[in-house]
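Student: Since the structure of chain R is already known, use the hints to place chains F, W and E on it.
There are 4 protein chains.
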Amino acid sequence: MTYFSKSRVEAFSDGVFAIIVTLLVLELKVPHLTHDASMADLYKALLLLLPKLVSWVISFLMVCIIWVNHHRILDQIAHITHGVFWLNAFLLLWCSFIPFPTALLGDYLTNPVSSLVFGGVMALMSLTFSGLRWQAYRSHGVLKPDVNRAHFRKATVRSLLFGPLLYSTGALLGLVDYRLAMAVFALVPIYFIFFNSAQQSVAHQPGLHAKTNA
Amino acid sequence: MTYFSKSRVEAFSDGVFAIIVTLLVLELKVPHLTHDASMADLYKALLLLLPKLVSWVISFLMVCIIWVNHHRILDQIAHITHGVFWLNAFLLLWCSFIPFPTALLGDYLTNPVSSLVFGGVMALMSLTFSGLRWQAYRSHGVLKPDVNRAHFRKATVRSLLFGPLLYSTGALLGLVDYRLAMAVFALVPIYFIFFNSAQQSVAHQPGLHAKTNA
Amino acid sequence: MTYFSKSRVEAFSDGVFAIIVTLLVLELKVPHLTHDASMADLYKALLLLLPKLVSWVISFLMVCIIWVNHHRILDQIAHITHGVFWLNAFLLLWCSFIPFPTALLGDYLTNPVSSLVFGGVMALMSLTFSGLRWQAYRSHGVLKPDVNRAHFRKATVRSLLFGPLLYSTGALLGLVDYRLAMAVFALVPIYFIFFNSAQQSVAHQPGLHAKTNA
Amino acid sequence: MTYFSKSRVEAFSDGVFAIIVTLLVLELKVPHLTHDASMADLYKALLLLLPKLVSWVISFLMVCIIWVNHHRILDQIAHITHGVFWLNAFLLLWCSFIPFPTALLGDYLTNPVSSLVFGGVMALMSLTFSGLRWQAYRSHGVLKPDVNRAHFRKATVRSLLFGPLLYSTGALLGLVDYRLAMAVFALVPIYFIFFNSAQQSVAHQPGLHAKTNA
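Residue numbers (my numbering), protein chains in the order written: chain R, 80 to 293; chain F, 80 to 293; chain W, 80 to 293; chain E, 80 to 293.
Just so you know, not all the hints are guaranteed correct.
To be verified - The calculated lysine-lysine pairs, modelled on PhoX-like cross-linking and capped at a C-alpha distance of 25 Å, are:
1. E:K223 / E:K233
2. E:K131 / F:K131
3. R:K131 / F:K131
4. W:K85 / R:K223
5. F:K123 / F:K108
6. R:K108 / R:K131
7. F:K108 / F:K131
8. R:K123 / R:K108
9. R:K85 / F:K223
10. F:K85 / E:K223
11. W:K108 / R:K108
12. W:K131 / E:K108
13. E:K108 / W:K108
14. R:K85 / E:K85
15. W:K123 / E:K131
16. E:K131 / W:K108
17. W:K131 / R:K131
18. W:K131 / R:K108
19. F:K131 / R:K108
20. W:K85 / E:K85
21. E:K131 / W:K131
22. R:K131 / F:K123
23. R:K108 / E:K108
24. E:K108 / F:K131
25. R:K108 / F:K108
If you are wondering where the hints come from, they were derived from the structure by calculation, not from laboratory data.
Looking at chain R on its own, in the form it has when it is part of the complex (with noise of 0.2 Å):
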């Protein structure tokens, strides 16, 4: 059985995750005025950008929320297999796609199909996310000695309820009114930057421990 660079498929990663959030502000585009426009029509131009930005920000958090699960599971795994690799590629495509559902969003915010296709793919994405949590598990040798298999195991399935659950549920909500999406939306990076992480700490990673300047 052969094995990837553990840091070469981080580095990868990492460089598809810093493009991917950056890449998402070319979709703000500056408004097109005559060059001689009044400081009120600049600023009225402006706001008009306003769903945009929200669509923005909560798609930068959530990369940055896929990046963090990311870091967790690699450092729970000592090797990369054929099968980790491929998982991780995917959940890559399903990450790299992001500014597409994010434009959309932002271009059609009221339209019920711009949640379907944001909070789909996101559920699809969180999906991958499980079935690389899966494939570490099962494979031999994958997860590092000191993690906690059954530790490991009830957060997959826990993470396998959550994820897709919750975005479906943002997705069908635009059918009703595009802020309950929304909301739904939003909610995801606020309770996973100010709630989840001292559960995560404690219930998911007993195999994480302190970590020095690489």
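Tutor: Here is chains F, W and E on its own, set in the frame of chain R:
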């Protein structure tokens, strides 16, 4: 004889690969409709993006395969000489060109010129890979001492036949029917992801050994 | 308490910074003239890009300064906690936004709204930097043991006053005359590159020490 | 005196170089034809992209050469001081500008202004390289102890004459005939790739020694 730092060549190459896969999605442009477009309108407009979506997925996975091959070769190389560096640079040149034939295929899927350009670029990229392998093989001290040179040579000859031949076939089949070309192009990632791993690790990679987290 | 791998956070941040500085140039679009345009025509069309060129150079150098500050802070940090990670993420959020106000300034140089947005974004970015310093200071075990905490605290308070104040002043001066705003924005890199090095190394960075090639 | 982490400066620079070479292709836009365009139509439309293709290849290879030179210099440097960092930053500034003159050359190949801008930017980039070498030479303790200072000094003076002179000549020859300018610009990568390796390794790089996989 001076050598290049292998880690910097890898970092540069990984950066280029990461950017290519992420830039590919920029070709998927959100359709321009009026802002009060109905769900059906937006849905239909998105369906028209299907050819672009298919060519995006194929190109994404092909770049991942290139990354895997690049990783495999560099893993067997001890030193990066002037010749290896520039063959690697030409490989990156073809790779960074991929967004163009991908966009061409997405825009003119049924036009044989698209398949010819896409398959032709991929064949040249594949040829450069074989050149890189050959340069590594024939230069003194480039391959790691534990690499089985007879196996490496055989794999190099096989890569010369397999890649360019396959891509040229796809390119030419586009003259008959674009679906035949797409089937060949899509077969490459499918074959590589689902059937290639075991075989490669036995037949092509005798010099590889398990790597732990670097 | 779990920590993040400092090297991966650095790699992710470096990737974002590298992409930002490089994307900035995409705003400089080649003028559209007929292909038989005379030398004078093309020269005049290029001259019109001067405001974009100036705002590009200023933004480029500002991102380099942000990189230097980021490097300085991370160099004094031993562990990346949840709090430090997310403050860093918000810093990257502001930074990845920079291409937008830069383009705005390039398009509407004389409109005070541009200076307000540019200066405002920079002030918020600068405020996030102070927040990151503060978080590093008040969290147990985040700063390296050899960092002089009194000096770090003083530098944090100074950064709180200096950055946001300076950028807000530039933003507001744009209401009087855009040249005043530009002068303030241009002064930041000039001051930082030519006068800041010696002072910083004595007053702000007592915890730093010579690093050899890692 | 404080120093920068050489590995982070390298990572940042490698990121910028990788993005530049990859962004260059974005200038190659797929032609807009009707979707039932014939093979001949598409073929003819693609032929019109030839000047852009040529300037793309030249710029791509030039950035690779810059990477090689950057690698060579940093390989001889032990510490990155404030001065070295900012000269490196200005080098990256010129490099990240390259997509603009490349696009200009692709759009207005026969207009002498394009050659002047392209050659001028390259000459300034080249001058910054010499400045970086000079700064490394004259600053105490920047060069590695095993670097032959007399050779390094001679190579610095030669780089001052060679690069800026060559690029200025190309720029000015564009006033006579654009093909002369293109010939000079194309000669640089051809010379560098096929003739420069042996000479450089003997005459310029006495401080270099074989590096194993880091």
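Student: All the hints need checking, so say for each whether the structure fits it.
Tutor: Now for the hints, and whether the structure bears them out:
1. E:K223 / E:K233: Judged against 25 Å, a Cα distance of about 17 Å means the pair holds.
2. E:K131 / F:K131: OK: K131 of chain E and K131 of chain F at ~23 Å, within 25 Å.
3. R:K131 / F:K131: holds, 23 Å
4. W:K85 / R:K223: Since the Cα atoms of K85 of chain W and K223 of chain R sit roughly 20 Å apart, the hinted pair holds (cutoff 25 Å).
5. F:K123 / F:K108: holds, 14 Å
6. R:K108 / R:K131: With Cα atoms ~10 Å apart, K108 of chain R and K131 of chain R stay inside 25 Å; holds.
7. F:K108 / F:K131: This hinted pair holds, its Cα atoms lying about 10 Å apart.
8. R:K123 / R:K108: Satisfied, since the Cα-Cα distance of roughly 14 Å is no more than 25 Å.
9. R:K85 / F:K223: holds, 20 Å
10. F:K85 / E:K223: It holds: about 20 Å lies between the C-alpha atoms, which stays within 25 Å.
11. W:K108 / R:K108: Roughly 14 Å between the alpha carbons, so the hint for K108 of chain W and K108 of chain R holds.
12. W:K131 / E:K108: holds, 23 Å
13. E:K108 / W:K108: Holds: K108 of chain E and K108 of chain W sit about 14 Å apart, inside 25 Å.
14. R:K85 / E:K85: Within the cut-off at roughly 22 Å; holds.
15. W:K123 / E:K131: Distance ~22 Å between K123 of chain W and K131 of chain E Cα, so the pair holds.
16. E:K131 / W:K108: It holds: about 15 Å lies between the C-alpha atoms, which stays within 25 Å.
17. W:K131 / R:K131: At roughly 23 Å apart (the allowed maximum being 25 Å), K131 of chain R and K131 of chain W satisfy the hint.
18. W:K131 / R:K108: holds, 15 Å
19. F:K131 / R:K108: Cα-Cα ~23 Å, so holds.
20. W:K85 / E:K85: holds, 16 Å
21. E:K131 / W:K131: The given pair, whose Cα atoms are some 23 Å apart, holds under the 25 Å limit.
22. R:K131 / F:K123: Given that 25 Å is the threshold and the Cα spacing comes to 22 Å, the pair holds.
23. R:K108 / E:K108: Cα-Cα ~19 Å, so holds.
24. E:K108 / F:K131: Holds, at about 15 Å.
25. R:K108 / F:K108: holds, 14 Å
Violated hints: none; the structure is consistent with every hint.
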